[in-house]
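J.: What follows is each chain in one-letter form.
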Amino acid sequence: MPRVNTGQIISGAAHLAVIGWVFLGGVFRSDPPQVEVVEAVAVSSEEYAAIMARQSAPEAVADVDTPEPPAAGEAAPALSSGADAAPETRPPEARDTPPPDSVPEVPARPAPAPSEVTDSAPALSVPAEDTAALVPERSLRPQPRPAPRVAPEPVAPPEPDVRVDDVTRPEVAPDEGAEVAEEPQEATAPEEAATEIVTEAEETGAPAPAASVRPRARPARPEAAGTETAAAPEQPPVPDTDRDAVSDALAAALNDDGTPAPRRAAGPPLSAGEKDALRVAVQQCWNVGSLSSEALATTVVVAVEMAETGRPDIASIRLLRHTGGTASAAQQAFEAARRAIIRCGADGYDLPQEKYARWRDIEMTFNPENMRIK
Amino acid sequence: MMRFFLSLLAACALWAMPAAAQQDSGPLRLEITEGVIEPMPFAVPDLVADTPRAQDFARRLARVIAADLSGTGLFREIPAQAHIGRITSFDSPVQFADWRAINAQALVTGAVRLDGAGRLVVRFRIHDVFAGQELGRGQQLVGEPDGWRRIAHKVADQVYSRITGEGGYFDSRVVFVEESGPKDRRAKRLAIMDYDGANLRYLTDASTIVLAPRFSPTGDRVLYTSYETGFPRIYLLDVADVGRRVLPTTDGTMSFAPRFSPDGRTVVYSLTQGGNTDLYTMDIASGRSTRLTSAPSIETAPSFSPDGSRIVFESDRSGSPQLYIMEARGGDAQRISFGQGRYGTPVWSPRGDLVAFTKQSKGRFHIGVMRTDGSEERLLTASFLDEGPTWAPNGRVIMFTRETRGERGEARLYTVDISGRNLRQVATGGGASDPSWGPLQE
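Line by line, the protein sequences are chains A and B.
For the first sequence, the working numbering gives the first residue as 1, with consecutive numbering after it.
For the second sequence, the working numbering gives the first residue as 1001, with consecutive numbering after it.
Please keep in mind that the hints were generated in silico from the structure rather than gathered at the bench.
Fair warning: there could be bad hints in the mix.
[Stated by the list, open to error] Under the rule of at most 25 Å between Cα atoms (straight-line distance), these lysine to aspartate or glutamate pairs were calculated in the DMTMM-like manner:
(1) A/Lys-275 <-> B/Glu-1377
(2) B/Lys-1362 <-> B/Glu-1376
(3) A/Lys-355 <-> B/Glu-1377
(4) A/Lys-275 <-> B/Glu-1031
(5) A/Lys-275 <-> A/Glu-308
(6) A/Lys-275 <-> A/Asp-347
(7) B/Lys-1362 <-> B/Glu-1377
[Claimed, not checked] Here are a few chain B residues that sit away from chain A, every Cβ distance over 12 Å (derived from the structure):
(8) Glu-1034
(9) Phe-1130
(10) Ala-1131
(11) Met-1326
(12) Arg-1412
Cβ atoms here follow ideal geometry from the backbone N, Cα and C, with glycine treated the same way.
If we strip away everything but chain A, and leave its shape as in the complex, we get (with noise of 0.2 Å):
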């Protein structure tokens, strides 16, 4: 007798279970729709035709209720702002109004003033700026709105050019000649800077001062001297403990010779499409229509350094080496490299600021080898 296995058993009462489940758990069965019914009404031709004459009413769009023009000492006059109620199923609040058949009649309305200002409110507010397609297509001019502050006495506009204050002062200017006293205000200076680096081994053996008891400055930083610098902002004070060590620091990193300070930092290379937008702006001035059969076949490199504003620093161009001619070739054909630089440069290449030390130095070949005669 074979052995009934374990798994064998659970699954065929897995699976009775589950049919038992689909046959009697209603899984095929489903509820009936429920049925809407309608009322029907039989409506004759002439009832049809009365009630579709009611629902297309377009012009009674165009017949907006408009009030009377307001009698003098009035209050201000309102618009009906019920331009999504449709006449006939929604009537103005306002019934005392003119039938809507009358031509709209253009309100004069007095411009109102600050002081016929009541603690009464009008029964309709004053129709919002969207009810435009409301107002006749012949209204005047849009009245300016009254003042919106409220005071006891009517203020005239002041002039455009005179500051609101609380009080009405007249203008007062100092007459010709008269001393006019300054006001105080913080001395400034430009930062401390020398022409030169003094070093301490290099200092005279002067007195002291004999008026102050103040120590002397150290010398400005090299890359300071003889330019103007912003103002730093104040330094916290430095333990003295640790102004050696910040001292030794700098001193190790500012080169001994002078040299001026590292310049910032590179950023991203040039992609190659500022690099090729580079190259056509330079190529559109390099005219090799003037040179020689012999000069349009020698290559030159040319060096030029770069200004932060994308100029060409002219005295900088030079010719760095050439290939494929004589000297004489080579320098008409490094003349027409600079006179491409400097023209097409003039109003500075289109380079991005932030990658300057990128673009700071650059080496242009100029390979005129598809622009020869052959």
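Keeping the supplied structure of chain A fixed, place chain B upon it in accordance with the hints.
T.: Structure of chain B alone, referenced to chain A:
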């Protein structure tokens, strides 16, 4: 194991660091391979002068200088009406900003005066406007007032040479055949003029037909062919006194198509004898001739190479006129033209690198150039009839004859750059053919 791997990685990083740092710190490098070919804008304000007579020369000198440069097609003059700056003193610094504003890339300034001997003294400078500096050093020319045009041409030659790097060609002359009258009874005479058509002067009268004048290397003599005796014979003419003599040839022969050797002492020419045409050379001093070719075909239109070692000529030995090169003393010839059509009138370039020729193909005539090995053939012109090229002294420009079609067809002289651009008609006043461009004048 991990420590070993990390150590190896660190070593590689240290090894690669200097190279990367160097790449970052080096200059930005670009290669420009495409440029533009367009005339260079330049300005030539009137030269500074202190007397009314000198002012007249100053104005005319400036106009000729500007015309010379503009005529090359390599320069474009900015007219005086567009000038912002004024040159009032030859020695004062140039306000380059004024000239940059009108995009003048080159500026020529100068001054003119008449010295105590009545000679014209012209000083001039060339400026690179955008570089803001002078090109080379200022120069001074002195000459007779009648030769003011030559002075202007020499100034233009200097400007051209300084900017392009090539020698100029403005102070040169052209000898040609002046033609007049209807086609069937056309009168021809030799004439000489400046390269731009000025100072026209006749060397012969119209009593006989003259053909193919050729300048000597020094420009003081002219070889030409005349039918004075009924047969074509070669004459040697002195330009200064218009004296002439016939070169000795055997009676009953026809000699034509002469051309000087580079040293000016030998003439190479064609001689027809017994129905056969071959090439010969003749020593001008002794009159002794040497035969170079001996073939049943027609050999003609010889031209020396600049060094005088070889001769390019035209021959129909292959069945149609083609171009050949041989040694100056004769011998085997090497064909260099292999294109479709008929080639003729080859002329060796003064630079020695190109040969100009006339080509007839598909019913049209062309002026073309090719290298001396026959490669890189380029046709520069095309018309009903273009023929007879001659080189400018600098080898950059070619002058040739263009004849129009029909009963009233007329021959005129034209110039074209060897790039095929800047085709211009030379002002000769009337019909002209067979030009020969002389050297720069001393």
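J.: If a hint holds in the structure, say so; if it doesn't, say that too.
T.: Hints and how they fare:
1. Between A/Lys-275 and B/Glu-1377, the direct Cα distance comes to roughly 38 Å. Violation of the 25 Å bound is thereby established for this hinted pair.
2. The straight-line distance between the Cα atoms of B/Lys-1362 and B/Glu-1376 is roughly 20 Å, inside the 25 Å bound, and the hint therefore holds.
3. Of the supplied pair hints, the one linking A/Lys-355 and B/Glu-1377 is violated, its CA atoms being roughly 49 Å apart against a limit of 25 Å.
4. For a cut-off of 25 Å, the pair hint linking A/Lys-275 to B/Glu-1031 stands: about 10 Å separates their Cα positions.
5. Taking the CA atoms of A/Lys-275 and A/Glu-308, the gap is about 16 Å. The hint holds against a cut of 25 Å.
6. As the CA atoms of A/Lys-275 and A/Asp-347 are separated by approximately 18 Å, the hinted pair is consistent with the 25 Å bound.
7. This hinted pair checks out: B/Lys-1362 and B/Glu-1377 have alpha carbons roughly 17 Å apart, not beyond 25 Å.
8. The beta carbon of B/Glu-1034 sits about 5 Å from the closest Cβ of chain A, which is not more than 12 Å, so the claim that it is off the interface is violated.
9. Against the 12 Å criterion, B/Phe-1130 falls within the reach of chain A, whose nearest CB is about 4 Å from its own CB.
10. A beta-carbon of chain A is positioned within 12 Å of the beta-carbon of B/Ala-1131; the least distance is around 6 Å.
11. The claim that B/Met-1326 is not at the interface with chain A holds, since no C-beta of that chain comes within 12 Å of its own (minimum 27 Å).
12. Non-interface status of B/Arg-1412 relative to chain A is upheld: no Cβ of that chain comes within 12 Å, the nearest being about 26 Å off.
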